[in-house]
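Let the sequences and hints guide you as you build the complete structure.
Now for the letters of each chain:
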Amino acid sequence: MTEMNEAISRLLGPAEPEVGCDECFAKIDRYVERELAGADADAAIPGLRAHLGGCPACREEHESLRALVAGGAD
Amino acid sequence: MNTAAPTVQGVDTRPEALPQDVDWLRDLRATGVAYDEAVARLHALLLRAARFEVGRRRPTLPHLRGDELDDIAHEAADDALMSVLRRLDDFRGESKFTTWAYKFALLEAAVKLRKRAWQGREVPLEPESWTVFASGGLEPGAEVEQRELLAALQRAVAEELTPHQRHVLVALALNGVPIDVLADRLGTTRGALYKTLHDARRKLRSRLEDW
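Protein chains in written order, with our numbering: chain A, 1 to 74; chain B, 1 to 211.
Because the hints were derived from the structure by calculation, they are not lab data. Check before you lean on any hint, since a few could be wrong.
As the list claims (entries may be wrong) - Pairs of lysine to aspartate or glutamate residues, derived as DMTMM-like cross-links and limited to a Cα-Cα distance of at most 25 Å, are as follows: (1) Lys115(B) - Asp22(A); (2) Lys195(B) - Asp42(A); (3) Lys115(B) - Glu63(A).
Claimed, not checked - Listed below are several chain A residues computed to face chain B (Cβ distance under 10 Å; list not exhaustive): (4) Tyr31; (5) Arg34; (6) Val69.
Treat the numbers as computed from the prediction; the structure is a model and nothing was measured. In this text, a Cβ means the ideal position worked out from N, Cα and C, and glycines have one as well.
See the structure below:
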């Protein structure tokens, strides 16, 4: 994707329906465990993947939680 | 060990809480020594998560010393502990308790570090980065169409959005201001700001339907 396309994507955001930041935070733990288990997290929690595409802060926190849990932190 | 709930056609089928999660909830609702020990264990767990987040972001914060970063991790763990204890009834066993608790520490650490990174910096609410569109990076043959799309987008931003929507869109999507930082400066919440951003994006998409 070119720099211009990326910038246009950031402005227009996800095309599909998405949850908001509060709902994302409420469900991100369940989503990450489904992902790491190889289950269909997107079917279980619709709209969360789209939100991660449109919200850099939630995307960063998703990546951190996923990395932390995948690393066997518990 | 994989202890995540199995799914059947996308449906969460976890039948009951995990034994260790029952123990966490029992002890965090206890009194006396059992409660104190559980809180100490929880704080240690949250501090580990906060330090993990600090470690991930450390390269972006070269001006902060190691002890300053560890202070931030401790503050994040302290705040996350309060959040977890306050919201204990929100835990439904849909993930492991530790995964649920970690997200509070990661959030607190991330928010604090984003704010530190922007401390003393002005938050740009007007377009600074339209130039990114005018610069290179265009694929041959796509240039004319992309420039026309850009022009339509700029017109839509100017004509369709309220001043508040325009400021939020420009700050977040164009100028790269973190949403927590902007929420803090504008005295609002992350959720409310994202709703504004979402509404602005929907207007732009509607205007640009024909593209």
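Legend entry - Distance restraint between Lys115(B) and Glu63(A), which requires alpha-carbon spacing of 25 Å or less: holds (19 Å)
Inset, instruction - Quickly compare the C-alpha distance for Lys115(B) and Asp22(A) to 25 Å and report which way the hint goes. - result: holds (19 Å)
Legend entry - Interface hint outcome for Val69(A) [beta carbon to chain B under 10 Å]: holds (6 Å)
Inset, instruction - Sort out whether Asp42(A) lies within 25 Å of Lys195(B), counting only the CA atoms. - result: holds (21 Å)
Legend entry - Minimum beta-carbon distance criterion (10 Å), Tyr31(A) to chain B: Since the shortest Cβ distance to chain B is 9 Å, the answer is holds.
Inset, instruction - Report holds or violated for the interface hint on Arg34(A), using the least CB-CB distance to chain B and a cut-off of 10 Å. - result: holds (7 Å)
Hint violations for this structure: none, all hints satisfied.
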